[in-house]
Every structure is written in structure tokens, then in C-alpha cells.
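Undergrad: Residue numbers (our numbering), protein chains in the order written: chain C, 1 to 327; chain L, 328 to 854; chain A, 855 to 1118.
I should point out that these hints are in silico values taken from the structure, not numbers from a laboratory. Among the clues, some could well be false.
[Stated by the list, open to error] In the BS3-like style, the derived pairs of lysine-lysine whose C-alpha atoms are separated by at most 30 Å in a straight line are:
#1 LYS54(C) <-> LYS452(L)
#2 LYS888(A) <-> LYS714(L)
#3 LYS1026(A) <-> LYS714(L)
#4 LYS1005(A) <-> LYS1026(A)
[Unchecked claim] Here are a few chain L residues that sit away from chain C, every Cβ distance over 12 Å (derived from the structure):
#5 THR440
#6 ASN458
#7 ALA531
#8 ALA555
#9 GLU560
#10 ALA572
#11 SER632
#12 TRP798
#13 GLY808
Idealized CB from N, CA, C, for every residue including glycine.
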Amino acid sequence: MIKYMLKSGIRMILLIIAISIAAFFIMEISPIDPLQTNIGQTALGIMSQEQIEKLQNYWGTNENAVKRYIEWITDFISGDMGISLLYRQPVYHVITQRLTNSIWILCIAWLLSGIFGVALGIISATKEGSILDKVIKGIAILFSSTPVFWFALIVLMIFSVWLKWFPIGFSIPIGVMTEDVTLLNKIHHGILPTFVLSIVGMPNIILHTREKMNDILKSDYILFAKALGKTKKQIILQHGIRNVLLPAITLQFASISEIVSGSILAEQVFSYPGLGQIAVTAGLGGDMPLLLAVVVICSCFVCGGNFLADMIYHIIDPRIQLKGKNT
Amino acid sequence: MRKNVFCLVCILLIVLVGCKTNVETKKNIAKKDTVVVTMPVTSEPEYGFNPVYGWGAGEHTHEPLIQSTLFITTNDLQIDYDLATDYFVSEDGMTWTVTIREDAYFTDGEKLTAEDVAFTYNTCKQNSSVNDFTMLDYAEAIDEKTVVFHMTRPFSVWSYTMALVGIVPEHVYTSDYGENPVGSGKYILKQWDKGQQVILEANANYYDNAPKIKTVIVLFMEEEISLAAAQSEQSDVSYTSATYADISVADYELYSVISLDNRGINLPTQPAEQKDGIVYGNDVTSDIAIRRAINIALNRESMISNVLNGYASPAYSICDNTPWYQKDSEVQYNLEQANTILDDAGWTIGDDGIRNKNDIRAAFSILYPPSDSIRQGIAEEFCNNMKQIGLEVTPECVGWDIAYDLAQSQPLVWGWGAHTPMELYNIYHSQNGEYARYSPYYNETVDSYMDEALKSTDIETAYTLWQKAQWNGATGITQKGDIPWIWICNVDHLYFVKQGLIISEQKIHPHGHGWSLLNNVDTWEWQ
Amino acid sequence: MKKRIIWIIFVLCAFVIAGYFCKEYALVTDFTNKNISPCIRYPFGTDWMGRNLFFRTLRGISISILIGVTSASISTMIAILFGTVSAFGNKEIDTIIVWLIDFMMGLPHILLLIVVSIAAGRDIKGVILSISLTHWTSLARLIRSELLQLKASTYIQVAEKLGKSKFYLFQKHMIPHILPQCITGWILLFPHTILHESSITFLGFGLKSNQPAIGILLSESMQYIVTGRWWLAVFPGCVLVFVVLLFYDIGKCFQKYYEQKSGV
């Protein structure tokens, strides 16, 4: 068990390092000149040629890539994530700030989408063919076909602009000192993004759970249980849920990637200062150190999630070890 | 299951109601001497409130508020004193001596001395990002209240630079100064929630009149969110643009400020020629007849009413309304004359309505940057305009990463407008005896006037020289001259302002929506 | 079932062809008719430059479909290539490819798209490239495991013992078996590619605003939604959702069709 854990752990770390290398060099071949993208056109207009050259050095457009990567990764491992070019602050500083805003929204949305997704999937499967099933399935398909940002936009429109129930953006109320910000305020600001993200994660889980549950309900042992005279409720509670939970957990961990993706779009719409927003800013502004840090952190989430799923699977069902190599 | 859901909904509702009342009460207390102002996301200084890294300067020039500057620009863009009490420029323009006032203190109680000034400028020189200090050799404090700037080349507009640089205290300056700035300005930075808001509080010990507005809250948001902030009454001043100007928001009035924020198009004056992978020049616009025809076939009035809902004024030069504006730049819209010019120059109309000359088709692209609906609209309307004189223009969207190179051969919709004549210099003056930086153009006479203007020690003489560079009666950059750039309009800066708030008279705004609105926030008032 | 598939394909083709003919009209600006709400002359209304949103939507959806088809096809090809190579190659190659799949899946899609499209230069090429490079993983995994299963099955092993060449086996037995999977996989990729195309464009890394793609229409509409010009967001969005649903449906039809054929 421990050996297996160690092995997947090392594998995970290697994966993350590989991702950082790939991200670094992909960014490197990018034709974007961070100087021209970041320094506004008017600012360039009143600048002398000497000054422009000076800035080109700052943005590192003239240096060797491999050398820079090695410098970057050694610093990164020793805990120094570098200085953000755009913010002129330690990346660590920028990231932790944004991460604290994002993390609880991500977690809650992730849990909610998991719980409701599985519940709705099971309900839908047990009532297969009924109107309820069709409605749930229909909504799930509809939402999986809807662009996240568009849905977020519509939600913002309805709840913030028309009904004025929620603020139109940000993570804290306007003009309130940090020490006066209550937990309630934060919740108030987080509800819409969390809501959108939960919805985003749900359809996939509903559809999968529904399918799995259907398979289970059609299996021989359920037939046997029926023959023994168990009621439908008993069958579902005793056999169905137990069997559907395992694939649900894997799926749940795999959906981390989707939720993080969704958060990048949703934060943009709700002007919520989280990790996703910073990724877009860094990407559009060509701020390499910052974007790389975001990439590495996100891949830590995803790989870490997969790793955990693997472990949980293992603990719940040790038989997997035999098959483990194929999946 | 159902019960649980019901409970959850109840809890949510309670939370909601709680929050709502919470927000409401806060709003009622905080009025009278507080303003909430929205600004574009790009106005947030990512690097902090540090003049060394360009706070106050750059793309959008404004007063640094937290720090004070040696000079300020007045409402009509002349130079006036702030920290400085007097200045003197040497005969050769190579040294500037400035004396400063003695009653200015930093908010930590220390006195602001010439040492701090020298320190600020020398640090700027080493680290500066968007503000150009290459003409400064070094600054030195010769006594408590006198500072001398030694220049590397004569630079008559140095006082405009000095109007941008906030003075930082030498004794507390560290690398994270941008986050915890200490200055001698009208306001103190109280809180900064990155990506969201900045809270400024009045400096009780400010050396000039005490600010009437005690708290200024600045929110950084996208344009549409800014409008929504006004609609939901969460802001007092919401920046907006012409695209939203036809919307009325209850209890808010539209406030418009004229600006230097111009939109113009470059027309390369040389035939196309490839060099280092970049094409310089354009075979169509290199004909002066084409450029002159475009300038008068462009219907500025209708473009302004169509694209900008009327919230702009026609522009004929890069520097309308400034002391260095050349009045001869102005032209009249005249379609017939434009057609005559082209006919006379040998551009004949082909079967498809597009002109030709020596097998060159009168066609080119007009470029505009992404996510700027106004520039896109200008480009589109420009094409519609040009069709009428038989020019085929195609709009094309290009990112800033390649726009500069492409603009060497294709016209681009630019936006300029800084509070300094240096802009004129960098657009029209040739580089190293070759072409100007942004669009191929070279005129020796224009160059020499501008060189002279920079060397001049008297600001009034300099203004005249800048004007002569544009048109001296024989040559220049106006319609009668080479006309290498066409100017279209100066965009008004628009704000939704809550009724009861009186915003003091604004100086002509520079390019970009942002902090310059707050230049005189200390004198605003609630009624 | 067959009829339904044909119908859907017909509708999709109609979109593409209509979009082709709208090319010119989608770009015409008419500032005298701006911001008109939907009416008979302008079924979807007009935008702030007086462009006819109906034509723009048609054009946009056809661009989206074309981008979707191209990148889904490239993705599927990559998936087939890697899937088969992984299943038939030696152990090292298999390990590398499995690792590569994990690697591609180790980063949230949107972030990966952002990174790749930055490198590819933020235009139509970049969008197609980034989407094709990121969407092949799950299909490749599926093909690989199908083939592995097949390889282990008795009839293939018998055939192998009988001296049939690997190529023969592949052509005669494997291809017919995985082809339906590939086709369904290919079709079910469209919804993803189209949604991701519009998302990435919305964030500013995708197409440019002179190409009336759906992502562009929607991000433009974002500016006007607060002003009550709902039609700008609603119509293109609904058409997009509709087309995505069509693709989804056609994929499901295929799946059922093959299941029925092979399931007996």
C-alpha cells in the first residue's frame, strides 16, 4: 500500500514538473512581445528609444530561455516563486491573496456539485422513464451544452442587475475596511460564483451517475434481490448507492479540472479577484512568472485530486490494485 | 431530502436579508464627505502607488494624490507650482535649479527636503518603467530647499515631467513602498484590496487647503459593471463611454469632460519596402493626393454622431486645445474637392467603383486593436466614408503584439493624448535620420523645429516652435503640408454622477479614463 | 433513427451553407440602424454598429461549426494514432503515451488552452491548434483500452495462431470494431470544441473581433447586457446551445445505432 502510494506520489510530482517545463517553453515561443502588450501605446509615445531598450531588458525579451527556466525552477523549489513582472511583487504574495479568495468557492462548489449531482443522478435513474427523469436528464444535457460564461452572464443579469439581491462583483463590500468585513459579507459576495460553478460541475456527474445506476439496477444481483422480495427503496439504499458511490468518487475528483476551468470564466464575469482572474490577466499581459505559478498550482490541484482519488479507491476497494496498471 | 432543501433555502434567505440590511445601513452613514468612484480595471497600478515605477505617469497621466509633485499642470495645461516655489534654467538648458517650499511634511511627520527630491529623481532614473528619465543625468540637493537637475541633453519640457513625479521619502523608501506609500499629498492610502478597491483618506496635515472630501473609494471594474454599479446605486461616480451614453440612470446625471484623448490614423508616406521582415510604407497612401483627399473626405461630424453618440469633438491635430496647438491644422469636410484632388492626381475610377492608378488599386486595410468598440466603430465608419471617394478600405482587428509592426505599412486607429509635447516629437520626428517611429515619415524642417523647441530654455518660445513644426507657412504636417497622420476626434470622457455631487472643473483629460478625474477630488462637494 | 441522423446533418449543413452566403452581410455596418430590437426586418435585432445580428449569428455559427469540425477531426486523428500505437507498440511507447495522456489531463482545459493559444499567436490558427491538441486524450484512452481488450480476446489470438499477419488482423478485425467508437467519439467532441472555442474567444485569447464568431458575438454582448439589449446575448447563445445539442443528439444516435447493430 505505502509502496503504491509512494509510486503514485513520485509520478504526480514528475508530472507537475513536466507540465511546468512544457508551459515555460510554450510561452517562450509565443510571438507576444510583453513590452508592447503591457506598456500602453500612449506611454510608448512619450518615451525615448533608450528608455524602450531599458524596458526590453526588464521584460527579459533578450535572454536565453533554458538558462531562465533553470533559474526559475531552482528558485521555485526553494520557495521563491519569483517576482511578477506586472505587479512588481513576489508572485507568492499575489497568488496567496487570490488563492484565499478562490479556494473556498472552489471547494464549496465542488462539494455541492458532487452531492447534488449524485443525488439527482440516483433519483433520475430510479425513476427511469418518468417525467422527473426526463426533466433532470434534459436539464443536465442543456447545461452541459451551455457556455459557462454565458450562463454566468445571465445569472449576473437576473440576480444582480434586475433583482439587486447580490453585488455585481468583488469579494468584499464596497468601501468597507478589512477589519469590518464580516463573514456574512464574504458569503454574500461568494454566492453567485459558487452557484454558477456548482451548476457547471453537475451535469457530467448527474449523467454518469444515472448511467451507472441504471446498469446496476439492471444487473443480476438486483434481480436476485428483487426475487427475495426486497422493496425498491431497500434495493436502492442497500445495493444501489453502495455500488454507485465508488465510480462517483473518482468522477468527483476528476471533475476538479472542470471546476477550475469554470472558475477562470466565472471569475472573469463576476469580477471576482481569484486565481482564475489572475490567470487571464497574466496570460493577456505576458507575465510569465505569474502565469507559470498559476499553471503549476492548478496542475497541483488536478494531479493532487487524481492522486487522492487513487488512494481513496485503494482504501475502499483493495482489489483495484490488480487492475490499477491498466487504468 | 425535501426538508433539508427547504431548510437550506430558509438559511440562504436569512443570510440574504441580513446582508442586504447590513449594506444599506453602511451606505446611510457613509455619505456627505465620501465619494465612491469607479475606474477601469487597467487603472489599478499593479506595481503599487510608487512614482518610481510610474504611478501618475505613463499611459494615463494624472496627479499622484498620495504624493505631491514639484509642479502641476493647470486647467489649460500651462505649468504652475506645487512643491516648487521658483525655478531657473541655465542658458544652455543643461541644468535646472528648483527651490521648494518648506512647509511640506510627509504623513509620517518627517519634513520633505531637497534631499528627498534628489533621491526620488535619482531612483526614478535607475528604475523607471514608463516615465522617461534618460535626459536626466543626475539630481543633487545643494541645500535643504534647493535641488539641481543636471541633464544629458537640453529638454525644455522637463517641467512637464516634473509635474508627474511624486516625491517619495528617502528615509522609509523600500522595495514594497508601492503597497505602503508615504507621501506629502492630499490623501493617505488607507486600504488596498487588490483587484477590487482602494480607499483613500484625507491627509489632515496637508500643506495647502484641507480636502473637503474626506474619504475617496475607488473601485476597479469593467465598463459594463461600472454601469451596473450606478444602476444599483453602489457608486457615486461611474465612468462610462459613448456606447452607454444614451442610457438614463435614475438619480444620476451624465457628466462629460473634454479631453486630449484623440483618435487618429497614420498614413505611411513612403512606397512599400521590405526591411528585416517588416514592410515599411504603403504604395497607396504614399501618394500625397490620397492623404489629402482622405483628410477632407472624412466626415468627422457624422462619425462622431454615429460612433460616439455625439460625445466627442472633431480633432485636426494630435494636440488640439493645448498651448502648442497650430490653428492651421483645421480643415473642412468637402467630398467634391476630395474627388477632384484624386481625379487630378490620375486616380481613375474603375468598373467596381474603386480607383486605380498605374495598375495600383486604391485599396488598403485599416487596423484596430481588440476589445475597443469605439476604435472598431471608427474603423468601420472610416471604410464607409472612403467608399464615397472610391477607396477600398477593409477593417482588420490586430492585437498590440503585432500592431506596431503592421502599422508601418497599414493605417491603424491610434489613441494618443498626453499632457506633453513629447508626443508630437515621437510621432513626427525621425529617428536616427530615418523615419519616425510609428509610421514612415521624414521632413527635415519639421525635425529641426522640434529639436530647437527642445533646446529652448523659455517655455513660451518653445510653444511657438512646436507650432511652427506643425506648419511654418511653407511646410509641415497639416493638410497643406505632408499630412502623414489624420486626426479624427477627441473623445469626451463620460461619467454617471450621482445627483448632489458637485465635481470641480476638470482640466482637459489626457488619454484614458482613470485617475485624472480625481486630480481635484479634494475640492468636490456634496449638496 | 437513420432518418433522424440525416435530418440533423441536413440542418447542420444548412447552417454552414447559410453562413457562407451571409459572409458579406454579416460585416455590413449601418450606423443609421443601430440598436434595433428584434423585428420583422431584423429578426435578431441589430448591434451598436447597426450590423444585422441574424446574419452575424448564422455566420458565427458556421465559423464555429467549421472550427469545431476541423479541430475535432485533428483531435480524433491524434487519438487514433496514439491509441493504436500505444496498444500495439512495445511497453516503453505505451508508458510514454499513457504518461502523455496524464500529462495533458493534469491541467485544467481552459488554462491549457490559454497557454497554447498564447504560444500559437491568438488567432484562428491558434484556436484550432490549441483545441485539437487538448481534446484527444479521453478518446485515445478509450481506443487504447478497447484495442487491448480486443488483443486479449480469444478469436484474435486464435487468428494470430493461424498465422494471420498483424496488418491483416488490424484491418479485418480491429478497424471494424473501433471505427464506430471513433465516429461517435469524433461527433461527441464537437460540443466540447465549440464551447471551448467560444470560451477562449470570450476571454480574449481566441478569434479577433472582425471575425463574427459566436464567442465574439457573446463577448461583445457582455458589454450591452446591462443596458437591456438582451437580444445580443440571448439569440447567439441560444443558437449555440441548439447546435451543440444537435451534435450531442447525433452522437447519441450513432452510439445507439452501433450498439443495436453489434449488441445482438
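Undergrad: Looking back at the numbered hints, which does the structure fail to meet, lowest number first?
TA: Structure breaks hints 3, 6, 8 and 9.
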